[in-house]
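S.K.: Protein chains in written order, with my numbering: chain B, 284 to 395; chain A, 137 to 247.
These are computed hints drawn from the structure, not numbers from a lab.
Small disclaimer: the values here were computed from a predicted structure and weren't measured.
Some hints here could point you the wrong way.
Unchecked claim - As a list, the in silico EDC-like pairs of lysine to aspartate or glutamate whose alpha-carbon atoms are at most 16 Å apart:
1) LYS178(A) - GLU217(A)
2) LYS193(A) - GLU383(B)
3) LYS195(A) - GLU181(A)
4) LYS352(B) - GLU336(B)
5) LYS193(A) - GLU206(A)
6) LYS340(B) - GLU137(A)
7) LYS301(B) - GLU362(B)
8) LYS199(A) - GLU153(A)
9) LYS215(A) - GLU137(A)
10) LYS178(A) - ASP321(B)
11) LYS340(B) - GLU145(A)
12) LYS195(A) - ASP232(A)
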Amino acid sequence: EAQVTQNPRYLITVTGKKLTVTCSQNMNHEYMSWYRQDPGLGLRQIYYSMNVEVTDKGDVPEGYKVSRKEKRNFPLILESPSPNQTSLYFCASSLSRNGEQFFGPGTRLTVL
Amino acid sequence: EDQVTQSPEALRLQEGESSSLNCSYTVSGLRGLFWYRQDPGKGPEFLFTLYSAGEEKEKERLKATLTKKESFLHITAPKPEDSATYLCAVTSLSNDYKLSFGAGTTVTVRA
Numbered sequence: 284e285a286q287v288t289q290n291p292r293y294l295i296t297v298t299g300k301k302l303t304v305t306c307s308q309n310m311n312h313e314y315m316s317w318y319r320q321d322p323g324l325g326l327r328q329i330y331y332s333m334n335v336e337v338t339d340k341g342d343v344p345e346g347y348k349v350s351r352k353e354k355r356n357f358p359l360i361l362e363s364p365s366p367n368q369t370s371l372y373f374c375a376s377s378l379s380r381n382g383e384q385f386f387g388p389g390t391r392l393t394v395l
Numbered sequence: 137e138d139q140v141t142q143s144p145e146a147l148r149l150q151e152g153e154s155s156s157l158n159c160s161y162t163v164s165g166l167r168g169l170f171w172y173r174q175d176p177g178k179g180p181e182f183l184f185t186l187y188s189a190g191e192e193k194e195k196e197r198l199k200a201t202l203t204k205k206e207s208f209l210h211i212t213a214p215k216p217e218d219s220a221t222y223l224c225a226v227t228s229l230s231n232d233y234k235l236s237f238g239a240g241t242t243v244t245v246r247a
């Protein structure tokens with residue numbers, strides 16, 4: 284089944300404790316992206332990647348890092364999480380630029 | 137900066153009561169306008185892409201239209217299973233990797 288998977292689905296952590304949210308897609312898509320979704324603000328893009336080893340900042344990149352060492356994986360790293368990073372995070376992928384994006388199931392992160 | 141505004145924020149409909157959702161956008165050259173559906177606790181699911189003014193696309197009870205300033209998502213004779221949050225997003229000619237979303241319209245259809 285073609286899909287985007289994220290792990291973990293739920294995470295409660297404390298301020299300053301480094302964490303990684305994994306994202307993997309099995310559709311051989313070149314483009315991958317991370318979003319956060321907050322009430323009233325909608326989905327905002329954090330980082331995106333056009334292909335292996337090629338990444339760029341979205342609208343809200345501060346406090347986040349990404350890497351794209353393999354085509355299928357695009358992990359999101361929070362080196363020192365803070366409470367304002369409490370949010371619902373989505374990973375997405377698409378076959379081409381400007382193409383339909385397939386979203387993962389989401390990761391709900393709470394930073395205490 | 138690209139901006140997308142959706143209205144209304146919430147819409148409550150009786151089953152069979154047709155209505156429209158609005159998505160107005162400001163972008164420096166529209167590359168594409170996207171509609172997604174999001175169910176509670178799930179990721180958005182793609183519905184339509186529109187590229188140029190005058191374009192229309194249909195899927196079951198949903199029809200999306202596009203003008204130079206806005207898009208409409210028409211829901212004809214909705215059913216309870218059409219209850220969801222509908223998201224609008226745009227990409228621009230200057231950066232078609234960047235998808236800018238509106239805050240969404242939450243539609244509730246009562247039986």
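S.K.: Below or equal to 16 Å on CA atoms is what counts here, so check LYS195(A) against ASP232(A).
M.R.: violated, 25 Å
S.K.: Would you mind confirming whether the straight-line C-alpha gap from LYS178(A) to ASP321(B) stays at or under 16 Å?
M.R.: Satisfied, since the Cα-Cα distance of roughly 14 Å is no more than 16 Å.
S.K.: Between LYS215(A) and GLU137(A), does the CA-CA distance stay at or below 16 Å?
M.R.: Violated, at roughly 37 Å.
S.K.: Would the pair LYS352(B) and GLU336(B) pass a check requiring their Cα atoms to be no farther apart than 16 Å?
M.R.: Answer holds: LYS352(B) to GLU336(B) is near 6 Å, not above 16 Å.
S.K.: LYS193(A) and GLU383(B) were given as a pair; does the straight-line alpha-carbon distance stay at or below 16 Å?
M.R.: With a Cα-Cα distance of about 15 Å, the restraint between LYS193(A) and GLU383(B) holds, given a limit of 16 Å.
S.K.: Between LYS199(A) and GLU153(A), is the straight-line Cα distance small enough, at 16 Å or below?
M.R.: holds, 15 Å
S.K.: Take the C-alpha atoms of LYS193(A) and GLU206(A), compute the straight-line distance between them, and say whether it is at most 16 Å.
M.R.: holds, 15 Å
S.K.: Under the criterion that the straight-line Cα-Cα distance not exceed 16 Å, is the pair LYS340(B), GLU145(A) satisfied?
M.R.: violated, 29 Å
S.K.: Please verify whether LYS301(B) and GLU362(B) have alpha carbons no more than 16 Å apart.
M.R.: The hint holds at about 5 Å.
S.K.: Straight-line Cα separation of LYS178(A) and GLU217(A) no greater than 16 Å?
M.R.: The hint holds at about 15 Å.
S.K.: Are LYS340(B) and GLU137(A) close enough, with their CA atoms no more than 16 Å apart?
M.R.: Cα-Cα ~14 Å, so holds.
S.K.: Is LYS195(A) within 16 Å of GLU181(A), Cα to Cα?
M.R.: Judged against 16 Å, a Cα distance of about 13 Å means the pair holds.
In the structure shown, a violation is registered for the earlier hints numbered 9, 11, 12, in ascending order.
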